[in-house]
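Trainee: Sequence:
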Amino acid sequence: MRLTHAPLRVSIGAYILNSGLGKRNLEGEAAAGMHGMAAGAMPQLKEFAPDRFAKLLSRGEIALGAALLVPFVPSLLAGAALTAFGAGLVQLYLKTPGMREGNSLKPSQAGIGLAKDVWLVGAGLTLMLDALPHRRARR
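Going by our numbering, the residue at position 113 of the sequence shown is 159; the numbering climbs one at a time, nothing skipped.
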């Protein structure tokens with residue numbers, strides 16, 4: 047991990063890790079609500095029971111947060127995982143009714159919480175691109 051990646055990885059990693067830890071014991075109506083929203087945007091998630099989905103999401107967030115925090119995980123790999131996670135949240139925003147105003151990309155009041163997750167995609171792509179080998183142009 048490059049030192050310049052540390053602020054981005056630590057801040058996002060701690061946030062996602064905390065989110066995953068907070069979902070560890072999620073069950074009942076809370077798990078069903080989260081599962082219902084996710085399954086509405088991604089129908090293949092209907093195959094999972096709500097409690098199982100919540101546990102898998104929790105474990106996934108914990109794993110992603112930890113991968114961002116530990117320096118021996120390459121930024122290319124951590125960035126790819128973060129990009130995929132962020133893309134899933136953006137998909138949730140785009141496909142969930144009521145998150146956007148009309149046919150625009152502009153978030154409704156209810157959609158602001160999800161619309162902001164586009165920064166995760168940007169951060170993941172930044173980590174990936176910056177981790178690629180750089181070649182100086184010859185003069």
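Since the hints were made in silico from the structure, they are not lab data.
Misleading hints may appear alongside valid ones.
[As the list claims (entries may be wrong)] Straight-line C-alpha distance at most 20 Å; calculated SDA-like pairs for lysine to any residue: (1) K92 / Q137; (2) K92 / W165; (3) K101 / P117; (4) K92 / A112; (5) K101 / M80.
[What the hints assert, rightly or not] Beta-carbon label-pair distances, calculated as ranges: (6) A60 / Q137: 20 to 30 Å; (7) A133 / A112: 17 to 27 Å; (8) S65 / R98: 14 to 24 Å; (9) A133 / F94: 30 to 40 Å; (10) P179 / P53: 21 to 31 Å; (11) F94 / L122: 38 to 48 Å.
Bear in mind the structure is a predicted one, so any value in this text is a computation, not a measurement.
Beta carbons are placed, not taken as given, at the ideal position from N, Cα and C, and that holds for glycine.
Trainee: Now look at each hint and say whether the structure bears it out.
Mentor: Going through the hints against the structure:
1. K92 / Q137: Holds, at roughly 16 Å.
2. K92 / W165: It is violated: about 27 Å lies between the C-alpha atoms, which goes past 20 Å.
3. K101 / P117: violated, 26 Å
4. K92 / A112: Not OK: K92 and A112 at ~27 Å, beyond 20 Å, violated.
5. K101 / M80: Since the Cα atoms of K101 and M80 sit roughly 11 Å apart, the hinted pair holds (cutoff 20 Å).
6. A60 / Q137: 20 to 30 Å: holds, 24 Å
7. A133 / A112: 17 to 27 Å: holds, 20 Å
8. S65 / R98: 14 to 24 Å: For R98 against S65, whose Cβ atoms are near 18 Å apart, the range 14 to 24 Å holds.
9. A133 / F94: 30 to 40 Å: violated, 19 Å
10. P179 / P53: 21 to 31 Å: Given a distance of about 22 Å, which is inside 21 to 31 Å, the answer is holds.
11. F94 / L122: 38 to 48 Å: For F94 and L122 the Cβ distance comes to about 29 Å; the hint is violated.
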